[in-house]
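The numbers in full-length UniProt numbering rise by one with no breaks, and the one at position 385 of the sequence shown is 385.
Take the hints with a grain of salt, since some may be wrong.
[Unchecked claim] What follows is a set of in silico ranges between Cβ atoms, one per label pair, in the way DEER data are often shown:
hint, residue 1, residue 2, range
1, Gly122, Glu398, 48 to 56 Å
2, Glu466, Asp340, 45 to 53 Å
3, Met76, Leu564, 20 to 28 Å
4, Gly368, Asp88, 54 to 62 Å
5, Arg300, Ser374, 17 to 25 Å
6, Ser329, Ser456, 27 to 35 Å
7, Glu466, Glu398, 33 to 41 Å
8, Asp459, Arg300, 29 to 37 Å
9, Asn93, Gly331, 53 to 61 Å
FYI, nobody ran anything at the bench for these hints, they're computed from the structure. No residue lacks a Cβ here, since even glycine has one placed at the ideal position from N, Cα and C.
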Amino acid sequence: MVAVLVGGYYFGREALEELIKEQEIGIELLMFTAAIVAGVMGQWAEAAMLVFLYSISEAAEGYTAERARHAIRSLMELAPKIALVRRDNQETNILVEQLRVGDVFIVLPGESVATDGEVIEGHSSVNQAPVTGESVPVEKTLGEKVFAATINGEGALVVRATKTFADNTLSRIIHLVEEAQASKGRSQRFIERFGKIYSPAVLGVGLLIGLVPLLFGLPWEDWVTRATVFIVSAAPCALVISIPITLVAALGTAGRNGLLIKGGVHLENLAKVRVVALDKTGTLTLGRPQVTDIVLLTGRTEREVLALAAALESRSQHPLAQAILERASDGGIAVSPAVDFQSVTGAGAKGVVDGVELFIGSPKLFTGLGLSLSPLMARIEALQREGKTVVGLGSRVEVHGLIAIMDPLRPDAAQAIAELKRAGIKRVVMLTGDNLLAAQAIAGQVGVDEVHAGLSPEDKTRKVVELEAKYGKVMMVGDGVNDAPALAAAHVGVAMGAAGTDVALETADVALMSDNLARLPYLIRFSQRTWGIIQQNLALSAIVIGTLVVGAVGGYFTLPIAVLAHEISEFVVIASGLRMLRT
Numbered sequence: 001m002v003a004v005l006v007g008g009y010y011f012g013r014e015a016l017e018e019l020i021k022e023q024e025i026g027i028e029l030l031m032f033t034a035a036i037v038a039g040v041m042g043q044w045a046e047a048a049m050l051v052f053l054y055s056i057s058e059a060a061e062g063y064t065a066e067r068a069r070h071a072i073r074s075l076m077e078l079a080p081k082i083a084l085v086r087r088d089n090q091e092t093n094i095l096v097e098q099l100r101v102g103d104v105f106i107v108l109p110g111e112s113v114a115t116d117g118e119v120i121e122g123h124s125s126v127n128q129a130p131v132t133g134e135s136v137p138v139e140k141t142l143g144e145k146v147f148a149a150t151i152n153g154e155g156a157l158v159v160r161a162t163k164t165f166a167d168n169t170l171s172r173i174i175h176l177v178e179e180a181q182a183s184k185g186r187s188q189r190f191i192e193r194f195g196k197i198y199s200p201a202v203l204g205v206g207l208l209i210g211l212v213p214l215l216f217g218l219p220w221e222d223w224v225t226r227a228t229v230f231i232v233s234a235a236p237c238a239l240v241i242s243i244p245i246t247l248v249a250a251l252g253t254a255g256r257n258g259l260l261i262k263g264g265v266h267l268e269n270l271a272k273v274r275v276v277a278l279d280k281t282g283t284l285t286l287g288r289p290q291v292t293d294i295v296l297l298t299g300r301t302e303r304e305v306l307a308l309a310a311a312l313e314s315r316s317q318h319p320l321a322q323a324i325l326e327r328a329s330d331g332g333i334a335v336s337p338a339v340d341f342q343s344v345t346g347a348g349a350k351g352v353v354d355g356v357e358l359f360i361g362s363p364k365l366f367t368g369l370g371l372s373l374s375p376l377m378a379r380i381e382a383l384q385r386e387g388k389t390v391v392g393l394g395s396r397v398e399v400h401g402l403i404a405i406m407d408p409l410r411p412d413a414a415q416a417i418a419e420l421k422r423a424g425i426k427r428v429v430m431l432t433g434d435n436l437l438a439a440q441a442i443a444g445q446v447g448v449d450e451v452h453a454g455l456s457p458e459d460k461t462r463k464v465v466e467l468e469a470k471y472g473k474v475m476m477v478g479d480g481v482n483d484a485p486a487l488a489a490a491h492v493g494v495a496m497g498a499a500g501t502d503v504a505l506e507t508a509d510v511a512l513m514s515d516n517l518a519r520l521p522y523l524i525r526f527s528q529r530t531w532g533i534i535q536q537n538l539a540l541s542a543i544v545i546g547t548l549v550v551g552a553v554g555g556y557f558t559l560p561i562a563v564l565a566h567e568i569s570e571f572v573v574i575a576s577g578l579r580m581l582r583t
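Produce the complete structure using the sequences and hints provided.
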């Protein structure tokens with residue numbers, strides 16, 4: 001009796017508070033009722049066993065949930081406590097929390113980086129696995145970004161801090177993962193709604209089992225015992241814990257492997273994806289376009305064409321502009337920025353250089369000006385079939401030259417797409433603003449099934465909706481900034497290479513910290529494994545409850561057997577969910 005009173009005090013009080021304050025009947029009330037009834041019937045040993053095992057299982061549930069929830073915080077232990085800072089030409093050690101944006105700090109070989117920053121001196125390789133999940137160290141030199149808690153290799157680096165310690169990429173990842181763990185997936189919300197109906201129903205059926213047979217003169221003690229065993233057997237402890245313990249473990253593991261999944265609902269959605277839509281530039285390609293060909297048309301020299309093109313592109317934010325500026329810089333060409341610069345949406349730009357209005361952009365920009373490109377189309381299409389983007393430079397009356405630009409393919413693109421298909425993806429689609437011939441050339445090299453080219457951001461969004469209606473759930477993969485509308489329209493939006501990119505971390509459903517395409521099939525398989533374990537746990541819980549309920553009503557199981565089987569099933573489900581910590 002003492003064991004029942006002492007052991008049952010805490011969850012009994014919780015059960016009564018839930019009943020009185022929230023007007024809800026929960027699992028605690030079911031167990032408390034069963035223990036009280038067993039004690040009233042003189043079965044104090046059985047009641048004590050129930051209280052003891054239930055208390056142990058609740059403690060184990062709380063411990064394991066906390067362990068899974070805070071596994072992601074182990075990453076913070078990789079960050080150093082002290083940073084070697086250079087101030088006023090002197091080097092001094094300070095706490096990493098005292099670092100300010102703009103501080104210059106030194107990372108010696110073998111040390112961890114104190115906070116996010118930009119390399120201003122030195123050359124080394126850095127192990128970025130704590131942030132991006134990449135297993136191979138990445139070379140870092142002047143101007144390269146480094147992230148907190150990543151591990152420096154063989155050379156010393158001098159770094160200028162771009163984030164405080166509290167606001168660096170690692171801290172943001174941990175914060176966002178913990179937010180995701182606190183959120184609930186669709187299945188979890190359903191189970192909780194179901195539990196609010198199910199638990200009162202169990203208590204009601206238990207009362208009927210215990211009282212109705214008395215109307216027919218059946219033995220009171222026998223049927224009250226059956227009712228008590230039924231209430232314990234039908235309590236959905238394992239059912240309720242099966243989803244959250246798995247999701248919390250999975251989200252933490254994903255975060256430690258460079259996959260920031262913003263909530264259980266997105267993890268569930270990933271397992272249902274049938275179509276992967278990929279942006280071309282920066283996703284299938286490296287995002288480092290280079291000028292490959294310059295075609296001269298009006299007697300101007302290559303340096304003159306490059307100088308005029310660079311003058312216009314110096315005012316542009318387009319990814320291809322950097323390629324032209326770099327080629328001009330490599331050639332030692334002085335650039336005088338254009339005036340009256342204006343972007344022409346979806347086509348190019350215009351501006352005034354040396355008093356002359358010039359245009360730079362796609363061939364359709366010049367056809368829109370009324371110029372005939374028929375004599376040039378064979379050359380343009382030949383370049384495009386090589387996977388190159390062709391940019392024209394000219395005035396309202398003539399085209400001075402063509403500049404072909406190519407963004408190299410990622411070396412792992414073809415293998416990643418093949419792995420996606422092996423993971424169960426039915427269709428891989430490319431969505432790009434580039435021309436069709438160049439897009440098809442790239443698609444043919446990597447195994448893309450379907451190409452949609454010449455798309456504006458709004459077109460990409462509409463195409464995602466169409467693909468979902470035609471083929472099933474779509475995962476859209478882009479940079480998380482330029483593709484934000486399409487990512488938002490997809491069943492799951494994935495931003496690649498999001499480490500250090502605040503916008504991508506905030507806007508995407510899933511952010512891959514690295515730009516490694518191989519993480520995409522891993523992400524799909526990871527979500528499928530998580531969903532598989534959830535289904536296994538739900539099935540096991542339902543089978544155990546069903547078996548125990550039948551045995552309880554039939555009088556085959558005693559209270560100790562029901563309690564033992566019930567709590568063992570909960571331990572099994574918890575252990576099963578924790579498998580996601582080791583994935």
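Hints the structure violates: just list their numbers, smallest first.
2, 3, 9
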